[in-house]
Amino acid sequence: MNFSRVAGLLCAASLAAVLAGPVYAQSKVVKIGAVFPLSGNAASAGIHAKAAIETAMDIINNAHPELGNFPLAKDAGLSGLGGAKVDVVFADNQGSPATGQNQALRLITEEKVVALTGAYQSGITLTASAIAEKYGIPFVNGESVAANLTERGFKWFFRTTPIASDFAKLYHDFLKDMKAAGAKTDSVAIIHENTEYGTSVASVIAAAFKEQGQPIALDIAYSANTTDVQSQVLQLKEKKPDVVIMVSYASDAILFAKTMKALDYKPPMIIADDSGFSDPSFIKAVGKISQGVFNRSSWSLGAPGSVTYIINELYKKKSGDDMDDTAARQMQAFFVLVDAINRAGSTEPAKIQAALKATDLKADQLMIGYKGVKFDAKGQNTLASGVVIQLQDGEHYVAVWPKANAAAAPVIPYKGW
Amino acid sequence: MRRFLWPTIVLVLVIAYPLLFTTPFQQRLGALILLYAIIASAWNIVGGYAGQVSVGHVVFFGCGAYAAMGAYAHFALSPLVGIPAGIVVSVLIAAVVGVPTLRLSGHYFSMATIAVSELVRLIVTNVDYLGAAVGLSGPTVPRNVFDMSFTSALPYYYLFLATLLITLGITWWMTSSRMGFYLRAIRDSERAARSLGAPASRIKLYAFMLSAGLTSVGGSLYAMMFGFIDPESGLGILISVKMLIMAALGGAGLLFGPLIGAAILVPLEEISNNLLGGKGAGLTFVVYGAIIVLLARFQPGGILTLLNRLWARRRTSRSSVTAEGASHAP
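Protein sequence lines correspond, in order, to chains B and Y. Quick note on numbering: the numbering used here labels position 394 of the first sequence as 394, and the sequence is numbered without any gaps. Quick note on numbering: the numbering used here labels position 305 of the second sequence as 305, and the sequence is numbered without any gaps.
For reference, chain B alone in the conformation it holds in the complex:
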């Protein structure tokens, strides 16, 4: 008899036998699953997302009369479910689409969550929401911007965030206004990193500008997490575009700022596409040599005492950092989901789905600067929007456009250092 054969297969069977049995949900608690990159190279974003959702849980589960009429804040628990508390089960997607899907399945079938949120990276949101769709569990996403996510004919997927085409329109309208105010905005260059985020956003911006009759003059791609961007900066220096749009993650954004200073290059106007330039580490490291950079955001801190200001204070206690745009969009998605559960008055997935479809939140019921939350047939929020912000003092971004939301006037040209 061949022992190796026996041992091999027995091992497979016995190891599988030690698995834990299913955990049953309690009736007084509404369980929601959250899949985020808590390890891997996007871990920083995942950990901030976790802090944002924990802050939201605190606001929902405990009485927060200081937040005034902000939905779900006043009383402890969910009024629609007899004061039930919300419990979030976090899972780590490890930056892998396969792990993200495995964890979504586990949360649905073992933890018996009634809805899911996550999963930061678009590719992982894609696989995780696919399993939710198969099981008929609502999936609310607040931060993944890949266009195809809402083009799959899904019935259980909802997305609150603005997507690349919304940003492209924002940038174009902003530049048109700036031009009217006397700035030169004729030649626009895009510089973007070559992973999914950079390529998809850059191609959408390029297409949108072309459609508006202003094709992009220069499109430069570079490898993400690179160690040298001199050639890209020199290329810009030579072509002298009026506006540079930058799509980068934090480490690359910092490298660009340093290289531009080293090569003494200041474009007349820089527009950054969120992410890297919104990261607290960017502002700490190179904020002082990037004064005047424009950025987009849906989040703004607001005046002391305002709802957003108080939420930021709560968040800061958990995470140690000020709220950034990504964490804020994730938190808003979570509030939208819990609001739907509260209105459904039930933890039945079909009723939550119906409530999500009926969502009609106004701008003053949100902690973020959207015009509201209302989903179209594909599950995309039609009222998602953002504002243009500027790093005027090198330490804090302030809203500068559109005028209705502006806290300060835009300053041009780019000051740098």
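What the hints contain is simulated information worked out from the structure, not anything from laboratory work. Where hints are given, some of them may not hold.
Stated by the list, open to error - With a cut-off of at most 16 Å between alpha-carbon atoms, the simulated EDC-like pairs for lysine to aspartate or glutamate come out as follows:
#1 Lys415(B) / Asp242(B)
#2 Lys85(B) / Glu54(B)
#3 Lys378(B) / Glu151(B)
#4 Lys279(Y) / Asp87(B)
#5 Lys279(Y) / Glu54(B)
#6 Lys239(B) / Glu211(B)
#7 Lys239(B) / Asp186(B)
#8 Lys134(B) / Glu190(Y)
Predicted model, so just to flag it, every value in this text is computed and none were measured.
Position chain Y relative to chain B; hints supplied.
Below, chain Y alone, put in the same frame as chain B:
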């Protein structure tokens, strides 16, 4: 007939596993073990038996995965159609890459394979037809059964089991044929094998191509189950490393070594992530890594070598042994 008694019992147990462990997560875990066992077993042919440690096998995995998703995304065909296409492309790539790189020995071969796989990843990241950095996705809402998009893990489990049996069957057939003897001779000393007239280059290339084709099938199956592939998940170096670790942990160059490695590492990874992942401190990888280090320190030959030794000791102490080959170990 006693020779076949235990294998039959074990096979019955493996077939019955999803009926005994019925929660969707347990069934999926079983399917994942089989999936990784397939690709680690495929790697084992060239990495274990021939002793050529390839760290670029993810190229073939990616070929299969992209072929399956491409068949759906570009031609609206069943991802199953991608399996033969993936095999053909993988075997061709293996032939082209293998001829020059297999001449390199030891670490240099490993380095060359890493270089090739990273190169392929960078190229694919920039090819729009293959979805560039965004990736390709498969059918989520299946049109028919041939879209291979199931809610339950059961169909995947049995599909993977059948593929694994075929893979192991081919490996067994290979090792007991003339080629298997050549391979073991080459692994132990290529120079000695050559001096005795073994066609080392040709045999190594055949093993590399066979291994590539089987790895590609594993890649196609992976893509069907998860319904998505992008350069990081389909061509990232981590998958090459996983194949290697699973085979080495279980016992490289042993028929059931990769299966044992997968049966230990896949649950370890998934369960440690389930228990610790949500805490958000990356503890999963610390635990995972520590166990690998311990095994490498105390049992570098693999779990199966240890088991074989224990079994052999038990048999000698009983002193009622009939002579029989203890294992496939050389």
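To see whether the hints hold, each was checked on the structure:
no., hint, result
1, Lys415(B) / Asp242(B), "14 Å, holds"
2, Lys85(B) / Glu54(B), "13 Å, holds"
3, Lys378(B) / Glu151(B), "7 Å, holds"
4, Lys279(Y) / Asp87(B), "14 Å, holds"
5, Lys279(Y) / Glu54(B), "12 Å, holds"
6, Lys239(B) / Glu211(B), "23 Å, violated"
7, Lys239(B) / Asp186(B), "13 Å, holds"
8, Lys134(B) / Glu190(Y), "52 Å, violated"
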